[in-house]
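Protein sequences, first through last, are from chains S and U. So the first sequence is residues 50 to 377, counted in the working numbering. So the second sequence is residues 50 to 377, counted in the working numbering.
None of these hints come from the bench; they were simulated from the model. A portion of the hints provided could be inaccurate.
Treat identical chains as interchangeable: a pair holds within one or across any two.
Capping the alpha-carbon separation at 30 angstroms, the derived lysine-lysine pairs in DSSO-like fashion look like this [said to hold, decoys possible]:
no., residue 1, residue 2
1, K172, K328
2, K328, K371
3, K172, K73
4, K371, K68
5, K348, K73
6, K80, K68
7, K73, K328
8, K73, K371
2 protein chains.
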Amino acid sequence: MTGQELAAASRTPTHEGVKRAMAKIADILPKTPLLPLDVDGVTIWCKAEMLQPIGSFKIRGAWHRLSDLSAQERALGVVGVSSGNHAQGVAWGARRLGIDATIVMPSNAPQMKLDATRALGAKVVLYDRATESRDAVAAGLTAQSGATLVHAFGDPWVIEGQGSAGIEIADQLKAIGLSGPDMIVSCCGGGGLASGLALACPDAEIAIVEPEGWDDIIRSLEAGEILPVEDLLHPTYCDALQTPQTYPVNFNVLRQRVSRGVSVTTDEVAAAMRVVFEKLHLVVEPGGAVALAAVLAGKLQPKGVTAVTLSGGNVDREIFVKLLAQAA
Amino acid sequence: MTGQELAAASRTPTHEGVKRAMAKIADILPKTPLLPLDVDGVTIWCKAEMLQPIGSFKIRGAWHRLSDLSAQERALGVVGVSSGNHAQGVAWGARRLGIDATIVMPSNAPQMKLDATRALGAKVVLYDRATESRDAVAAGLTAQSGATLVHAFGDPWVIEGQGSAGIEIADQLKAIGLSGPDMIVSCCGGGGLASGLALACPDAEIAIVEPEGWDDIIRSLEAGEILPVEDLLHPTYCDALQTPQTYPVNFNVLRQRVSRGVSVTTDEVAAAMRVVFEKLHLVVEPGGAVALAAVLAGKLQPKGVTAVTLSGGNVDREIFVKLLAQAA
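Produce the entire structure from the sequences given, and follow the hints as far as they go.
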């Protein structure tokens with residue numbers, strides 16, 4: 050890490066930071082809908098982040114980070130590392146601010162995410178998920194150009210930006226006369242969204258959901274220290290949640306706030322994607338469906354006014370059709 | 050028709066009526082998103098009505114109609130005729146107001162629409178689309194019980210209610226600093242939505258889109274008189290738009306306001322459903338996709354700030370997968 054990156058990572062994200070991010074994001078993006086879904090007679094509030102312009106919540110953190118860069122930093126460009134959604138968030142923000150963006154992406158990222166990132170004007174550098182460290186590739190690029198690293202989750206601005214979804218949820222509930230949320234069930238890859246939501250809603254219970262085989266944060270919380278994913282080749286459709294391990298800036302929030310963590314199977318994810326298709330008429334990608342999957346499978350009990358993240362919708366057509374067909 | 054029904058059909062729907070409907074609807078339903086879509090460098094504004102609680106705009110007109118009924122009328126119940134979306138609108142509103150609802154539906158309506166209507170507590174009476182008149186079946190029911198007929202499109206309240214989507218579009222454009230809409234492209238079955246939008250936005254150019262073989266209103270506008278569909282067995286996936294012929298209360302508005310009408314093929318509908326899936330991450334049913342299909346196919350040129358209706362998302366999984374797969 051460069052000194053600048055260490056300084057960024059060592060700043061502590063705060064509730065006030067989330068509120069500042071929210072104000073900036075409200076200037077450029079309408080609130081995404083908070084849609085009620087009846088689950089066995091209980092209303093679950095679904096935050097439809099696939100309706101963001103880039104198809105996921107990642108636009109929030111990227112915008113908070115990029116729009117806070119100085120003119121000098123902007124001139125040197127930015128580098129992102131991402132399986133595809135953060136990539137589009139950084140590319141979208143960079144284009145809007147006139148910043149050169151380079152994104153380090155796995156060579157097996159979904160084609161639509163690679164295409165969409167390039168279509169937003171970013172330069173894409175591919176790496177091999179099994180044999181290369183994306184952070185090392187990114188560090189090489191920033192050392193060369195002086196560009197700012199915009200990490201996908203281990204960055205206080207990114208965390209605060211993602212947390213703005215939690216402020217919106219609380220505001221939207223209030224607008225219809227409800228308090229809360231009492232509980233937020235969040236998908237969890239590196240922990241950027243989950244830690245941001247925890248900071249946004251200090252009174253909410255936070256539960257996290259990871260895909261089977263990629264449950265490193267659940268194991269880390271149990272162990273009390275950051276543990277990596279055991280098998281980086283474990284197959285999953287949840288490409289958005291395939292992070293090797295979390296960062297201290299996320300873990301420090303999550304270990305204070307997460308009450309429960311569960312993992313879900315591909316069948317459970319497919320079932321949730323089908324419910325979202327049939328009842329909400331939305332397209333949710335596998336990684337974006339895990340939170341609802343855990344509730345539908347009965348692995349997490351809702352508590353009071355419960356919100357779940359439907360975090361993104363960037364899924365290749367073939368995968369979507371396959372999972373929809375296999376859903377019970 | 051009973052005297053009551055004749056009186057209802059003879060009232061002229063108005064812009065003021067649309068505004069009154071909007072006020073009532075705003076009390077119970079959040080605005081549906083108005084999402085930008087880039088089509089060859091031009092932004093098209095997509096009104097995402099599949100995100101209504103019943104999965105289509107039909108909740109609007111049904112609510113305006115049912116909530117205006119007197120206590121005496123409510124006690125006698127309501128009868129609706131519908132291929133499935135209006136059915137759910139009437140059933141949803143009736144349940145909320147404690148009114149008994151009976152819906153006359155074609156026996157070949159999509160299974161999910163039949164299931165959803167029954168799940169909302171309505172009684173469903175089936176008829177054969179090829180051999181029976183749904184209006185005649187409904188008239189028999191209302192004559193028997195004294196229930197109020199809530200027609201799917203030929204009713205001034207229903208027209209005004211559907212028009213509230215146009216008020217929302219104008220409000221949402223204004224909120225982001227745009228005027229308009231200059232043009233609205235509307236799907237068209239019986240003409241309830243299209244005539245409502247025309248009343249809502251008196252300065253907008255109105256274009257209508259029908260599915261191939263079900264272009265009775267286009268032909269009626271050319272002829273200057275109401276003509277029926279020529280072949281009631283013409284196959285189409287656009288079940289929501291299979292209306293035998295429009296009503297004078299709709300035609301009187303449409304013939305003054307519609308500048309262009311085009312029909313679209315199944316391939317064009319499938320292509321639009323795919324774009325909505327990939328770019329907007331929404332599920333749109335075939336009938337709900339025809340307006341965008343016409344723009345994407347180059348059959349209608351956008352003019353200034355152009356809005357299109359994505360009117361519903363109630364499509365059986367098998368049909369959705371089939372059309373998504375065949376989309377170019």
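Right, here's what the structure says about each hint:
1. In this assembly of identical chains, the alpha carbons of K172 and K328 lie at most 30 angstroms apart only when taken from different copies (21 angstroms versus 38 angstroms within one copy).
2. Within a single copy, K328 and K371 get their C-alpha atoms as close as 19 angstroms, and across copies as close as 19 angstroms, so both meet the 30 angstroms cut-off.
3. For the homomeric pair K172 and K73, the shortest alpha-carbon distance inside one copy (26 angstroms) is at most 30 angstroms, but the shortest distance between copies (50 angstroms) is not.
4. Neither within a single protomer nor between protomers do K371 and K68 lie at most 30 angstroms apart by alpha-carbon distance, with minima of 40 angstroms and 45 angstroms respectively.
5. Taking the shortest Cα distances, K348 and K73 never come within 30 angstroms of each other, neither inside one copy (36 angstroms) nor across copies (39 angstroms).
6. Taking the shortest Cα distances, K80 and K68 sit within 30 angstroms of each other both inside one copy (14 angstroms) and across copies (24 angstroms).
7. For the homomeric pair K73 and K328, the shortest alpha-carbon distance between copies (24 angstroms) is at most 30 angstroms, but the shortest distance inside one copy (32 angstroms) is not.
8. Proximity of K73 to K371 under the C-alpha cut-off of 30 angstroms is found in neither arrangement, the shortest distances being 39 angstroms within a copy and 42 angstroms between copies.
In the structure shown, a violation is registered for the earlier hints numbered 4, 5, 8, in ascending order.
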